Amino acid sequence: MGYVFDPAAVLTGQYLDWFIWGVATTIALTVAAWLLGMTLGIILTLVRTLPFRPLEWVVAGYVEYHRNVPLLVQILVWYFGVPQLLPRAIRMWVNGHHSEFLLAMVALGLAKAAYITEDLRSGIRSIPKTQYEAARSIGFNYLQAMSYVILPQALRIVIPPLINQTLLLFKNTSLAMAIGVGELTYRTREVDSYTFKTFEAFAVATIIYLSISFAIMALGAFADRRLKLELR
Amino acid sequence: MLEIIENNWLLFLIGQYPHGPVGGLAMTLFLAVVGLSLSFPVAIALALARLSSHRWLRGPATAVVYVVRGLPLIMFIFWTYFALPLLIGHTVGGVATLLFALVVYEASYLSEIIRAGIEGLPKGQTEAAKALGLGYFPTTFKVILPQVLHNMLPSLVSQFVSTIKETSLGYVISANEVTFAASQVNNQLMTQPFEVYGLLALTYFTLCFTLTSAARWLERRLAAERGALGIQPA
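If you read the protein sequences in the order shown, they are chains A and B.
Position 90 (the first sequence) corresponds to 90 in our numbering; numbering is contiguous.
Position 144 (the second sequence) corresponds to 144 in our numbering; numbering is contiguous.
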């Protein structure tokens, strides 16, 4: 066949711009959803520790919903379904302000919060209760025991899974293409349909995804080595 | 909401069948069951290759696993969508495309579970089998893998849940599964997207939550079994 593999053809002029915008959007979406997920994840973890059973059930329900429904379906619910429930004025405002990016961010962030709160909880749980009791018995109060004894150890345990969650989130931003967010996968399809250079376009996207993913994985491996600690 | 169910439950469950191809929830389950079953032998091969002492087996297998872990599933689906027809010389439907991409993707993740399981077994098992005069293959398939697979039963169920959730990507390439069916219903109704997609979410939730609970139950049972036998997790 006369097919010549020519990546330069998709890396010039406006196509290069599209790729750059795609990467920028993917990263922006990852960061925005990460911040939302982290904040909410911490709040949910704190809510869980409150001595009030119904709140615990609410958080458990939240976690189960987000873990047992496909992320794509969650995104579709947010993008197509939720605006229908909003008051008209807010709906108009959202539609006028890149609703797809905003709603994808909300969907990804809320789903991530469910995973993050599980990781945080198991991290805190893995610190033996005796550590807390020992800290209290030498005169630390609750806050001191938490911030000098429990949390520094729990963080060590929690950081590697959190980096893994970041990797999953980064990859999952690609699902936002289904609702028209101009992230990397969406832009790649666009370059493909304008240039018909399918393999070149997807090769470029693949290399970009892999380089960022490998960077996150390397960070995870580094954290794993640095933070590993023997618990007694 | 009840009206939507009343008018569309058949489309949700089996798609256009018998007037067209099977779709809906039936296709989702088919894809998940067949996808996971086909990926299973691939996963075992990948895991054994990654643990092999031959560099030319270990290298490629490790590369495959890392590349798959580094790419979004959707990228895989698109690659399959474009490349598979070129490789086999004729067009491939959405369902077959999705199935192929799922098998490769799931096999890589599953192989990591199997590998961890093999590495988690006490070394004495291999040594004892060797001491009895068993070669590599009898050791692996008669001694090591049966124990590993028994221990990883809960993970296998969780992986099945992941596979069910991943089939929803069929929507992107118009493969006839339940998410695609829901989008068709939504396109017909136009005015009730929250109800339609809410129902879809509820469908997935019921299915996956049941399976997740089963996985947890299995986990507890296995833990109790190990406790009774006095085996320490390695």
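Read the hints as simulated data drawn from the structure, not as lab findings.
All figures in this text were calculated on a predicted structure; none of them were measured in a lab.
Treat the hints with caution; some may be incorrect.
One side only, chain A facing chain B, incomplete, derived with CB under 10 Å [unchecked claim]: (1) 78; (2) 185; (3) 217; (4) 219.
Label pairs and their computed distance ranges (CB to CB) [claimed, not checked]: (5) 187(B) <-> 152(A): 31 to 39 Å; (6) 11(A) <-> 133(B): 42 to 50 Å; (7) 59(B) <-> 194(A): 34 to 42 Å; (8) 11(A) <-> 59(B): 27 to 35 Å; (9) 1(B) <-> 194(A): 47 to 55 Å.
Chain A is faced by these chain B residues, among others (derived, beta-carbon under 7 Å) [claimed, not checked]: (10) 172; (11) 194; (12) 200; (13) 209; (14) 228.
Ideal placement from N, C-alpha and C gives every residue a C-beta, glycine not left out.
Hints, verified against the model:
{"no.": "1", "hint": "78", "in the structure": "holds, 9 Å"}
{"no.": "2", "hint": "185", "in the structure": "holds, 6 Å"}
{"no.": "3", "hint": "217", "in the structure": "holds, 7 Å"}
{"no.": "4", "hint": "219", "in the structure": "violated, 13 Å"}
{"no.": "5", "hint": "187(B) <-> 152(A): 31 to 39 Å", "in the structure": "violated, 54 Å"}
{"no.": "6", "hint": "11(A) <-> 133(B): 42 to 50 Å", "in the structure": "violated, 60 Å"}
{"no.": "7", "hint": "59(B) <-> 194(A): 34 to 42 Å", "in the structure": "holds, 38 Å"}
{"no.": "8", "hint": "11(A) <-> 59(B): 27 to 35 Å", "in the structure": "holds, 30 Å"}
{"no.": "9", "hint": "1(B) <-> 194(A): 47 to 55 Å", "in the structure": "violated, 42 Å"}
{"no.": "10", "hint": "172", "in the structure": "holds, 6 Å"}
{"no.": "11", "hint": "194", "in the structure": "holds, 4 Å"}
{"no.": "12", "hint": "200", "in the structure": "holds, 6 Å"}
{"no.": "13", "hint": "209", "in the structure": "holds, 5 Å"}
{"no.": "14", "hint": "228", "in the structure": "violated, 24 Å"}
Hints 4, 5, 6, 9, 14 from the list above are not met by this structure, while the remaining hints are.
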